[in-house]
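With these hints in hand, go ahead and build the complete structure from the sequences.
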Amino acid sequence: MSQRSLTDTTSAGARPPGGGGALPPGGGLTRRRRFGADTLFRAAVTSAGSTVLLVIVAIATFLVVQSLPALRRNSANFFSFHQWFPQDAPPRFGIAATAFGTVLTSGIALLLAVPVALGIALCLSHYAPKRIATGLGFAVDLLAAVPSVVFGLWGREYLARPVADLSAWLHSNLGWLPPFSSKGPYVNSVLLGSLVLAIMILPIVTSLSREVFQQTPSPNEEAALALGATKWEMVRTAVLPYGRAGVIASVMLGLGRALGETIALALTLGNTYLISFDLLGSGGVTIASNIANSFGEASDPTSRGALIASGLVLFAITLVVNVTARAIVFRRREFTGSTT
Amino acid sequence: MKLKRYGIMAGLALTATVALSACGSDNNAPATNTSSASKVDCVSGKLAAAGSSAQKNAMDEWIKAYQLQCSGATIEYNPSGSGAGITAFAGGTVDFAGSDSALKDGDEQTRADARCRTGKAINLPMVTGPIAVVFNLDGVKELKLKPATIAKIFAGTAPTWDDAAIKADNPGVTLPSTPILAVHRSDSSGTTDNFTKFLAATAGSDWTYANDKAWKAPGGQGQQGSDGVADAVKKTAGTIGYVEWSFATNKSLNIAKVGNGAGEFATLTADSASKTVAGAPVTGTGNDLKLKIDYNTKEAGAYPVVLVTYEIVCEKGTPADKLPLLKSFLKYTVGADGQASLTSLGYAPLPASLRGKVESAINSLA
Amino acid sequence: MSERLGTIAGLRTKRLPGWAVPALAAGGLAVAWLIVYLPGTGGAVLTGVCAALLFLAALVGVSVAVEGRRAATDRAATALIYAAFLLALAPLAAVAYTLLAKGATRMSGDFLTHSMRNIGGRDAGGGAYHAILGTLEQAGIATLITVPLGIAGAIYIVEYGRGALATAIRFFVDVMTGIPSIVAGLFILAFWVQLVSPLFTADHQPEFSGFAAALALSVLMLPTVVRSSEEMLRLVPATLREGAYALGVAKWKTVLRIVLPTAAPGIVTGVMLAIARACGETAPVLLVAGASASINSNPFAGQQQALSIYIYQQAKDSSIYAPPRAWAAALTLVVLVLALTVAAKLLARRSKLAR
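Residue numbers (the numbering used here), protein chains in the order written: chain A, 1 to 340; chain B, 1 to 366; chain C, 1 to 355.
No incorrect hints appear here.
Under the rule of at most 25 Å between Cα atoms (straight-line distance), these lysine to any residue pairs were calculated in the SDA-like manner:
no.	chain 1	residue 1	chain 2	residue 2
1	C	345	A	138
2	B	251	C	125
3	B	144	B	236
Worth flagging that the hints you see were computed from the coordinates, not collected in a lab.
As C-alpha cells, then:
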C-alpha cells in the first residue's frame, strides 16, 4: 500500500510498496493527510487561477455582445473598408486603416526598442559595475514611472521639432524610398508616434529582461568562462539561451502595451485613415487611438459597438502574436535548469 | 529581521496616510473676485454633469461663483464631450448634460426621454461659443476670408497661400506661395460639427462633405483637442485651423475676419457673435428651445461662425432630491450676472430675449 | 602561424593597450568633425552618429589585426551594448529634464495641499491634492486586488497546472495583455457602474466611484502581473524545488518559503511595472470615476479625481494657468511612482538563494 507522495504532481509513478526496506512505509517521516495544508493551498491557487480566467472570459463576452449589433448594421465590409463613419446612415466603418496602423506603429516601436532594451539589460546585468548598475536601473524605472499622457504631451511638444528635422533629412537623402517620400511641413506622423511608443515600451522590456538575465545560474556562466570564452561568447552561450523564454515574454508584454496604447498615440499621430507606408507625413491611426478620438462623441449604440468591435480585432492580433511567441519558446522541460 | 523591516515600512505607510488625509484643503479663495452682486437662492446638495468641452470654462466659472456663495453645494462638470455627456445623461449617471448640438430626433431623443420617465428631455441654450479661424503666416497679421474661401482651404482645393480666392479677399496684402497646412480636429467634436455646418450652409458648392462631428475631408493634419490645434497653429508657420475663441485669445493667435451674409468681413467680438444668435429662430416646441442658427445672417456686423451649447435636462422627471439645486443653478447661469461673467472667458452672452425664454423654461421644470 | 598559436595555445595573447580604446574614440570624433561638421554637411547629431560608426569600425579593424577575431567580436559587442545604453539615456534625460524644468515652476506646498474647487479659467491658484488622494486610493485598491490574485494565478499555472484549465488561463492572459485601456473602462462602466452600483446608491441611480476606477485598473494590471510572475517563477531552478521535496518539505511550504522568495525581486519588478502603468492610465479612470474638482476621500461613493486625468484635463484646458499645473502634476506622479518602486525593491531585496 503506497503512501501518497509528498508532492501532488506525480512525476514518477507510485512508490514501490513497502518503502523498499525495513523502515515503515514512507520511512516514518510522513503522516497520511486528507485535508491538510497542501490541499488548502492547491484549492486557493486553483480558485485564483479560475477567477482570473473568469474575469477575462467575462470581458471577452461583454465585448462580443456589445459589438454584434453594430457589426450587423454595418453596410461596409468591416475588414476591408478603411474609413470610420458609424454615425452615417447607413453606418459605414472598417478596420483596414486602423489595424494596419496598429501593426505598423507597434512593429516599428518593437524594432527600435527591443535591441536597445536587450543591450541595456545586458549592460546592467553583466557589464556595468554593480554600484552603477543599481543607479542606472533606477533611471530605467524612472522611464517606467512616467504616465502615458505625459509621453504624449512631451512627444507633441518637444520631440516634434527634432523629428521634423530628422524627417527633413531623411526626405532629402532617402526620399526615393516610399516610407520617406512625404514633403512636409512635418507635424505629427507615424515616425513621431512610433518613436514615442518605443520609448514607452523600453522600460518594460528592459526591466523584465534584466531580471531574467540576472537569474542565469552562475555555474553556467563560470563554466563558459573557464572554457576560455570571451565575455560576449559567455553571454551568447550561457545567458541568452537561458533567458530566451523570459525575454520573449517581456517583449510580448511590451508589445501588448504598444498595441493598447491609447492617449499617447492619439496625441502624436496624424490621424488620417489611410493605408500607406509613409512614415513622415500626416498620417497614422491605430485601433486604440481611434477609440480615444471617437469615444467622446460616440453617443449611440452603433458607434460604441463599432469601437468595441475594433477592440476585439486588437484582441485577435494580440492572440496571434502571442501564440506565435509561445510556439517559438516551446518548452519540453518544465523548469529551466532541471537536471533531466 | 524580516518582521522588523515589515514593521517599519507598515508604520511609515500608516503615518504617511494619516498625514496625507489630514492635510488637504478644498478651500481655494480665488484671486479674481466674481462680481456677482445679486444674491443667489442657495440650495445645498450635489449635482453631476458632463458633456461638451467647449463650455468647460463657462461651467467652471459658474460653478465657482455658485459654490462660493453656497458652500453646501457641490457641482461637478466633466468635459468628456457632447456625445459622452448625452450617453451619461441617458444612462442616469449625470443630472444634466452639455451638448454642442441639440438632441437628434429619433434614437437619441428616445433614449434621453426614457431617462426622464414622466417627461421628455429638452434643450436649453446656455452658452454662445464663437469659433475662431486662426492662422499663422509670416508677415501677415490680418486676413479676411469669405466662407467660400475657407471652404476651399479646408477642402484642399486652395493649396497655397497665394491662391486666387485668398488674394481676392485680401487685396493689397502680399501673400507667400507656400503650401497651406489646414489643421482640423482628429477627435470627434461638436466644434467640428458646427464649423462644418457653417461651411455646408454658406459654401455648399465648395464644401461637399456635409457636416459631422468627425472630420471627413481628405488631407490636412489632425490634432487631438482644441489645445492640439491651437498648439500646432502657434508652432508652425503656414498653418490655419479652427478653435474655440478662448483658445485663440489665450495663445495669442491671429484670428481671421469672416465674411457674413451682409457682405462685410466681421471681426470676432462678444457683440458680433451675440448678434448671430439673436437672429436665430427657435425650432423646438414648448419648453424645448432648440435653435436654428442662420449662418448666412444678413445682420450688420454679425460674426457668423458660432456654436450654441445646450444644457439637456428633463422637463419633468428629475429626481426630487436634485431638482431644487438644478433649478437654482441653471437660473443663476442664465441670469444677467451669470451670462455677463462669460465675456472675459471667450464666450458671448445670450441675447436678452432668449434669456427670458430659457428662464421661464427653467421655472417650469418639475 | 604564431598569431594563431598566440590566441589558442599560448598562455598570453596580444591585447590592445589600455589607451587604445579612448584614442580610437577621440580619433573617430576628430575625423567625423572634420568631414561632417566643418564643411556643414550635418549638424551635431549627424557628427555624433558618424563618430560612433567610425569608432566602431576602427575598433573592430584594429582589434582583428592585433587580438584576433574572437576578441574583436567581444569588443564590438561590448561597444554596441554600451552604445545601446547611451542611446537610451538621451530620451530619459530629455523627459526628466522637461518634467523637472516645467514641473518645478508650479510646484509648491500649496499645489500639493489644495484641490481645484472654485477655480475658474482666470484663476491662478488650485492644486492637485484631490488628484493625489484619488490616485493613491485607486491604485492602492487595484494593487490589493490584483497582486494576490495574479501571483496566485501564476503559481497555479507554473506549479500545478497540467491540464485544460492552465492552458486556457495562459491563452486568455496572453490575449488580455493587448487590451486597450479604454476597453477595460467600458467593461467596468457597463458592468459595475450601470449594473451593480445602483444596488448600493440611495436613489438607485448609477454612480461613478473611485472603486470602479480601481476595478478598471485591476483589469489592466492583471495580465502583466500574471505573465511576469509566471516567467519569474519558471526561472527558479528546479534543483531548489527538488532539494526541498527531497528534504520532505510540503509543496505549499516549498512554494511559499523557497520558490516565491527566490523569484520575489523579479515578481516585484513585474508588479511595479503594472502599478506604474495603472497610475498613469487616463482613459479608463475618466470613464468610470468621473473627474471631480473637490476632495473626495471615499473611493466607494461619488466622483473622484486622479493624477492622470488631472494632467490630461489641465493640458487640454484653454486657461493660461493650466499647462504649468499639468506639468507639476506630472512631476508629482513620477516622483510618487518612483518612491513606491524604490520602496518595493528595497523590501524585496535579492534573496541569497538566487545566486
